[in-house]
Each structure stands twice: as structure tokens, then as C-alpha cells.
Amino acid sequence: MQSDVELVRGIIEALNRGDVDGMLMRMHADFEWRPLESSPVARVYRGHEHVRGYVEDWLGTFDGLRIDLEDPEDVAGRVVAPVHAHGRGRASGLALDTRFCQLWTVRSGVAVRMDEYVTRDEALDALRSR
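According to this note's numbering, the residues represented by the sequence shown are 1 to 130, in order.
In case anyone wonders, no lab produced these hints; they're calculated from the structure. Check each hint, because a few of them may be wrong.
Said to hold, decoys possible - If you anchor each label on the Cβ, the simulated ranges turn out as follows:
| no. | residue 1 | residue 2 | range |
| --- | --- | --- | --- |
| 1 | Ser-129 | Arg-90 | 19 to 27 Å |
| 2 | Glu-13 | Asp-97 | 32 to 40 Å |
| 3 | Asp-97 | Asp-30 | 27 to 35 Å |
| 4 | Ser-3 | Gly-89 | 17 to 25 Å |
| 5 | Gly-93 | Ala-29 | 34 to 42 Å |
Please read these numbers as outputs of a predicted model, since none were measured by experiment. The beta carbon of each residue, even a glycine, is placed where N, CA and C say it ideally should be.
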């Protein structure tokens, strides 16, 4: 049986390949994606249809969009996954180069939720408050 960290790694690898179906097959049908609060598209994306639209928008906006996991770990039954996102805006040519942290919830081998935070410490604080 794969670990929760391996599951998250598989989701990110599928995203980096542009394999949205491969990403969604590892997520519950009611999966919730909660982007950074500071994001211009910050809202809850719930369910495969909305998550697909959100991800396909990002893939269509950036050339070479890639998310690199930086030492993800299982903490108190959640996956704390600091990431480095980079790419280049298709229309603007501006570089995307940012780090933030994802907090994944996995149940029975399927991702059910992911929240994004500015820092790992912020994600850990949120985890402690749950």
C-alpha cells in the first residue's frame, strides 16, 4: 500500500505532466482545493469538474508550469508539502517563481482536500488548530 506522501507525489507528478485525468483519479469525487487566500482566484474548488477547470486554467496560462515538492512529510495524519512553483506566463512572458505550502488530507488512499498556505509554519499552525 502506498503512503500518503507517495499519493501526493503521484498527484503532483501527474499535474506536472499535464495529466489532469491521472491527477483526478487519485482524488475523491468531492475533493476540495483551497488556494492561497492571496490568490486572485481564491475560492474553494470542490469536485472533479471544478478542480479540472481550475487546473486546466493554470496549465493554459503558463508555459512550463511545474510544481516541485520540497521534502513533503506526514505530520499528524496529514501531508505537509512545501512546494516551489515555476513557469512563464504565456501572454505576459512574466516568470512565475514562488514557494508556498500545501496541506493534504488523505483518507483510505484517496486525497480528499488540499489547503494552500504561504509558509510551512502557517500550514502547521492550521494543522494544530484543527
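Hint-by-hint comparison with the structure:
Distance hint for Ser-129 and Arg-90: a CB-CB separation of about 38 Å, inconsistent with the stated range 19 to 27 Å. Between Glu-13 and Asp-97 the beta carbons are some 20 Å apart, a value that contradicts the proposed interval 32 to 40 Å. The hinted window of 27 to 35 Å between Asp-97 and Asp-30 holds, with their beta carbons roughly 32 Å apart. Here the CB-CB span from Ser-3 to Gly-89 is close to 35 Å, at odds with the stated 17 to 25 Å.
For Gly-93 paired with Ala-29, a C-beta distance near 37 Å keeps the hint of 34 to 42 Å intact.
Of the numbered hints listed earlier, those contradicted by the structure are 1, 2, 4.
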